Amino acid sequence: MTFEEIQQRLAAKFGERIGALAPANKDASLVVPPGDVVEICRFLKDDPDLAFDCLMNLSSVDWPKKNQIEVVYHLWSYAKQHAFILKAQLDRAKPEIASLEPVWKAADWLEREQYDLMGIQFQGHPDLRRIMMPDDWVGHPLRKDYAEQTQWHNITTTRENSLEGYVRLDELKKKAAEAAAAKKEVLQ
Amino acid sequence: MAKDYQQDFGSIITSKTSFIDEIINLARKSSIFYLLFGLACCGIELMQTGGPRADIDRFGSVPRATPRQSDLMIVAGTLTYKMAERCRLLYEQMAEPKYVISMGSCASCGGLFQYAYSVCKGVDKLIPVDIYVPGCPPRPEALTEGLMRVQDKIVRERWFTARQRIGQAEPSLGVDYKVLA
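Sequence lines, in order, name chains A and B. Take the first sequence: its position 90, counting from 1, is numbered 90 in our numbering, and each next residue is one higher. Take the second sequence: its position 5, counting from 1, is numbered 1005 in our numbering, and each next residue is one higher.
Calculated directly from the structure, the hints in this document are not laboratory data. Fair warning: this is a prediction, and the values are worked out from it, not measured in the lab. Glycine residues also receive a C-beta, built at the ideal position from the N, C-alpha and C atoms. Some hints here could point you the wrong way.
Think about it this way: if two alpha-carbon atoms lie no more than 27 Å apart in a straight line, the pair counts; the simulated BS3-like pairs of lysine-lysine are [to be verified]:
1. A:Lys105 x B:Lys1098
2. A:Lys26 x A:Lys13
3. A:Lys174 x A:Lys184
4. B:Lys1098 x B:Lys1153
5. B:Lys1082 x A:Lys144
6. A:Lys94 x A:Lys105
Residues on chain B that point at chain A, a partial pick, calculated with CB under 10 Å [said to hold, decoys possible]:
7. Arg1053
8. Phe1059
9. Pro1063
10. Lys1082
11. Cys1109
12. Gln1114
13. Tyr1115
14. Ala1116
15. Tyr1117
16. Lys1125
17. Leu1126
18. Pro1128
19. Asp1130
20. Thr1144
Derived Cβ-Cβ restraints for the label pairs, each shown as a range [what the hints assert, rightly or not]:
21. A:Thr156 x B:Glu1141: 32 to 40 Å
22. A:Trp109 x B:Cys1041: 48 to 56 Å
23. B:Cys1041 x A:Asn57: 20 to 28 Å
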């Protein structure tokens, strides 16, 4: 099925809650209300014609100017060999969305990653811990306004540039030779 | 440096104790067991160094799977903050005397990941490093060279002579040990 057919199918089932595909020309995606994500995804998975049995990817985008965080779901159907992209827009100050872990088990670690790096709270997730950074890390590194802490467990997080103030020996010699030559010229 | 290394062999023996030191160090430098601690792509080069072509087994250096049996820790690869704590733990589990080679630019200074949020900018922020091997990743020849520099360091240490001067700092040692009873 094409993207348009899938969108029509969803619109027939859920009515006004499903908007238009955007952008229509390429890489189309569908923005869905955050509250309905689980319901829509369960339908996408269980409907025999759609049969989205695989959550390929779960990522997110930070939009500071629009003041929102966008969660992106990439779905794939092994049975029907078609794909679909869902997006949900969340409030940047308090990004919360229902977990998809009950629908696809693959969402478990993917959601933990988004929680770790972007700070999205997935409600109903069975084990929402950091997955990449240490457990006691402060902040979410992929936020646009992220400022790294200066040290963690007495390890400083930056390294001073050892080449600062570094002078090459051959350049010093060259300079000395030039100075000597200039002196000679003055004497002559 | 290679010449210095040979001179160590031909040093003049002035007393029995210095002769015993020579023997002890000959045994120690020919059996540097290293901890298998491959963290990233440098780990692949580390395996190659142990493989048939570079073969650091000819220096008596073989990998050990546990820090408690190792003399040398080769930190091979990118050290993340999450791994940093484990790295320190492994180092503390090793028995003295112990040596550390920082292999590759990531382990030495963070390297390519200089501005990354998750990578520790150099293993020397955690544990003392004896030898830095630059490269991304270093070739097995470079790591072999690093191992030989560790051997140089071991050869210069004085154990038996130092025992007679208990409590004094031993300047000839690479580390500023105080020799205890």
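How the hints compare with the structure:
1. A:Lys105 x B:Lys1098: Given that 27 Å is the threshold and the Cα spacing comes to 45 Å, the pair is violated.
2. A:Lys26 x A:Lys13: holds, 24 Å
3. A:Lys174 x A:Lys184: Judged against 27 Å, a Cα distance of about 15 Å means the pair holds.
4. B:Lys1098 x B:Lys1153: Distance ~11 Å between Lys1098 (chain B) and Lys1153 (chain B) Cα, so the pair holds.
5. B:Lys1082 x A:Lys144: holds, 23 Å
6. A:Lys94 x A:Lys105: holds, 25 Å
7. Arg1053: It is violated, given that the least Cβ distance between Arg1053 (chain B) and chain A is near 33 Å, above 10 Å.
8. Phe1059: Check failed: Cβ of Phe1059 (chain B) comes no nearer than 30 Å to chain A, outside 10 Å.
9. Pro1063: violated, 27 Å
10. Lys1082: At about 5 Å, which falls below the 10 Å cut-off, the nearest Cβ of chain A leaves the hint on Lys1082 (chain B) intact, so it holds.
11. Cys1109: holds, 6 Å
12. Gln1114: With a minimum Cβ separation of about 7 Å from chain A (threshold 10 Å), the hint on Gln1114 (chain B) holds.
13. Tyr1115: holds, 9 Å
14. Ala1116: With a minimum Cβ separation of about 9 Å from chain A (threshold 10 Å), the hint on Ala1116 (chain B) holds.
15. Tyr1117: Check passed: Cβ of Tyr1117 (chain B) comes within 4 Å of chain A, closer than 10 Å.
16. Lys1125: Cβ of Lys1125 (chain B) sits 5 Å from chain A, so the hint holds.
17. Leu1126: Given a least distance of 7 Å, the restraint on Leu1126 (chain B) holds.
18. Pro1128: This hint is violated: Pro1128 (chain B) lies away from chain A, its Cβ roughly 14 Å from the closest one there, beyond 10 Å.
19. Asp1130: violated, 18 Å
20. Thr1144: With Cβ-Cβ at 25 Å, over 10 Å, it is violated.
21. A:Thr156 x B:Glu1141: 32 to 40 Å: holds, 33 Å
22. A:Trp109 x B:Cys1041: 48 to 56 Å: violated, 24 Å
23. B:Cys1041 x A:Asn57: 20 to 28 Å: holds, 25 Å
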